[in-house]
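The listed protein sequences correspond, in order, to chains A and B.
Residue numbering for the first sequence follows my numbering, starting at -1 and increasing by one per position.
Residue numbering for the second sequence follows my numbering, starting at 430 and increasing by one per position.
The set of hints was computed from the structure by calculation and includes no laboratory data.
Here a beta-carbon is modelled for each residue, glycine too, at the ideal position from N, C-alpha and C.
The reader is advised that the hints may include incorrect statements.
As the list claims (entries may be wrong) - The calculated DSSO-like cross-link candidates involving lysine-lysine, where the alpha carbons are at most 30 Å apart (straight line), are:
#: 1; chain 1: A; residue 1: 344; chain 2: A; residue 2: 95
#: 2; chain 1: A; residue 1: 175; chain 2: B; residue 2: 579
#: 3; chain 1: A; residue 1: 416; chain 2: B; residue 2: 579
#: 4; chain 1: A; residue 1: 117; chain 2: A; residue 2: 95
Unchecked claim - Computed, partial: chain A to chain B, Cβ under 7 Å:
#: 5; residue: 82
#: 6; residue: 116
#: 7; residue: 184
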Amino acid sequence: MAWKKTVAAAVAAIACIAGSPGAIAQQAGTQFIGITGYRVGPYGANGAAFFGGFVDYLQLINQRDGGINGIKLSGEECETEYNNAKGVECYERLKTKSATGPTAIHPMSTGITYAIIDKAPTDKIPLITFGYGRTDATDGRVFPWVFPIMSNYWDAATGIVKFIATKEGGDANLKGKKIVLLYHDSAYGKEPHAVLEAEAKKLGFELKMIPVPHPGNEQQSQWLQIRQYKPDWVINWGWGVMSATALQTAQKVGFPREKMVGNWWAGSEVDTEAAGPAANGYYAASLNLGGKGYPVVQDIEKIVYGKAKVGSNPKLIGTVLWNRGVAAAMFTVEAVRKAQEKYGKKPVTGEQVRWGLENLNIDAGRLKAMGFNTMLPPIKVSCQDHGGSGQVRFQQWVGNEWKSASDWMKGDSALVRKMIEDSAARYAAEKNIKPECMGG
Amino acid sequence: MLYRESGQFKTSYAADQQLFPILQDRIGVLTLLAVALVAVPLLASDYWLTAILIPFLVFALAALGLNILTGYAGQLSLGTAAFMAVGAFAAYNFQLRIPGIPILVSFALGGLTSAAVGVLFGLPSLRIKGFYLAVATLAAQFFIPWLLVKVSWFSNNSSSGVITAQPVEILGFVFDTPVRKYLFVLVVVAVMALAAKNMVRSAIGRAWMAVRDMDVAAEVIGIRIMQTKLIAFAVSSFYCGVAGALYAYAYLGSVEPDGFNLDLSFRILFMIIIGGVGSIMGSFLGAAFITLLPIFLDIVLTDGAIWLGLNLPSGTTSMAQLVVFGALIIFFLIVEPLGLARLWQIAKEKLRLWPFPH
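Given only the sequences and the hints, what does the whole structure look like? Please build it.
As structure tokens, this is what we get:
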């Protein structure tokens, strides 16, 4: 479609001349980053925070550092509305926008991840699924193109169980306890089932799984069941409006919020602020800490919002999901930087970024140098382990902010690793994939 | 002037009964097919094929299936997506569990499974009509995705209920690139559309229309209501099932039961309402309207905003797109309540008289 390219180029040129603020339009010689985002629909509030942070960090790299080693970043965001079919359309649209492809895609939806997971190897586009998506993709020998960076759902589920165990005073005390998994009835919500069942068998607690249909703004019957069952703990595996409704309904039926633990998609200001005082005392696992007390966040506030005035939404700065977006963008940027080390300082292709991701090593020193400090744990990705950390941290909502409630901790990593390998092996057999490391 | 049948004399029953009695129509259809089969694969980019044309064809097939049931047989259904899910999951399981089964056989078996389920959920239609029947088919829409999630055997014990389609291979030829997938979908859809066109002109098609127009009268003149209605459900579900299998195998590659939700059923229902109820052509026009227009609007609005130097977040253009899309639907329904197919028919009638309308 030659004419389309011409039009796109003309549009980009005009946008540059007009100096339109914010629009990081595509230009030749830049590292183009395709973003499949969502800011409307039932999950729009979550998406706006995450992608706001994502774009703000890219702007920071451009404004403060002049790009990655002098290569400016450009980008385009395509609205998916958290809808799988639209996600595929966006993916296809972004994939051809630049000679080097869309760098790496963050689908930000487990459903969309599944829909494009088989396309990635043919298109040679790495997918970064930061804390969501297909858990067994952590085995990079079977899924060389997918990077569930940091921790996956099974790490979260076992981490939550461990957190509950510490609150109860040790693994032994879990025996005979009753735990309810209240989950979003979707691919996302079903991810932790197998691992929680295994944990229940191992540690001897009773597990009851209660689905909440999408979008989850009506939970009377579920909480009635919970009240009858009288569990010791409720794990909230929610997303979007479901989490806030769960907290409010819990308050209505008188279930203590101090006995509710969310996962990291059910633990942001979007969820707790919407629930109001009902959220007080609620725990949630987290991939990253919220707050503004990090040099990188202050830099964004000063440079992107203050000087250049291209920030997305000042109200979101420092929220958990916004910080997560910043961290997600940082992974993409660092992967590009790593790839540049090997392949030279020019816009790098998907294949090169994939190598960069697989060799990503962000230790505490590097985190500090980038201004992330303790927002994230150190991460070291390898072919066997596309996650690179497996750690989670718990925080508690204290009425106006999230307070840290634990240190970085790991769940039952041996169990998780074994289940990942089994599941990946099954996928490999089904798809006739010979598991092996891809290398450079 | 160009589109006129004067001078085309029919001298045999065969000539009178053929599918496209007017020469220009025949040429038109053949040209369209030739363009779709030859020119499109040569010219269209991967984006056009995978993100626009394949979903358009798949949805057109699903709309065709619904149109057979709702448009021709007059039975309102809200279970289209569920029947698509049955087709997709059945084809997946046949392909998975029977070694060496040809993919087309899997698709056909998937369609037949869907037809059987369709007949089951069509049974209430023997007693209830109209909106009440719509509610009964709504049961299918809620029950089937629930069942597919509940019984993990259907998804081969996938931890999240997602199935990933096996490669499509016919006689050693693998349909893996966008062009090949497109051609595969195109051929399946074209053959099934042709079959549908013939079917609605046959005895069973006429029986459907008789039942639709007045079931008591149809029964009086000797049409078996039960048989006719259930065949309509079976055929319709078969089409939807195959569409579902194509949706999984040629379009998304991996699907989850929740993808086949009520929203999708409604989309397909809107396709036939906008395209034209009781028209094969209308199914295609409606599918084109519903699948292509939002993408077109999205691109126009996004690029337009950049052009004007506006720094709109992607959410704003997306909302604007919904507003424009909704307004267009209302506009078309006011201008032509019988659907785009009716507009097409009016255009053809006008063309016959053109340029001398009197």
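A quick look at each hint next to the structure:
1. Taken as a hint, the residue 344(A) and residue 95(A) pair is honoured in the structure, with Cα atoms around 17 Å apart against an allowance of 30 Å.
2. A hinted pair counts as satisfied when its Cα atoms are at most 30 Å apart, and residue 175(A) with residue 579(B) qualifies at roughly 25 Å.
3. With a CA separation close to 25 Å, the supplied pair residue 416(A) and residue 579(B) stays within the 30 Å bound.
4. Taking the CA atoms of residue 117(A) and residue 95(A), the gap is near 17 Å; set against the 30 Å cutoff, the hint holds.
5. Annotation: interface hint on residue 82(A) holds; nearest CB of chain B at approximately 6 Å, less than 7 Å.
6. The beta carbon of residue 116(A) comes within 5 Å of a beta carbon in chain B, closer than 7 Å, and the hint placing it at the interface holds.
7. The restraint placing residue 184(A) at the interface with chain B holds, with a minimum CB-CB distance near 5 Å, inside the 7 Å limit.
Comparing the model with each earlier hint shows no violations; every hint is respected.
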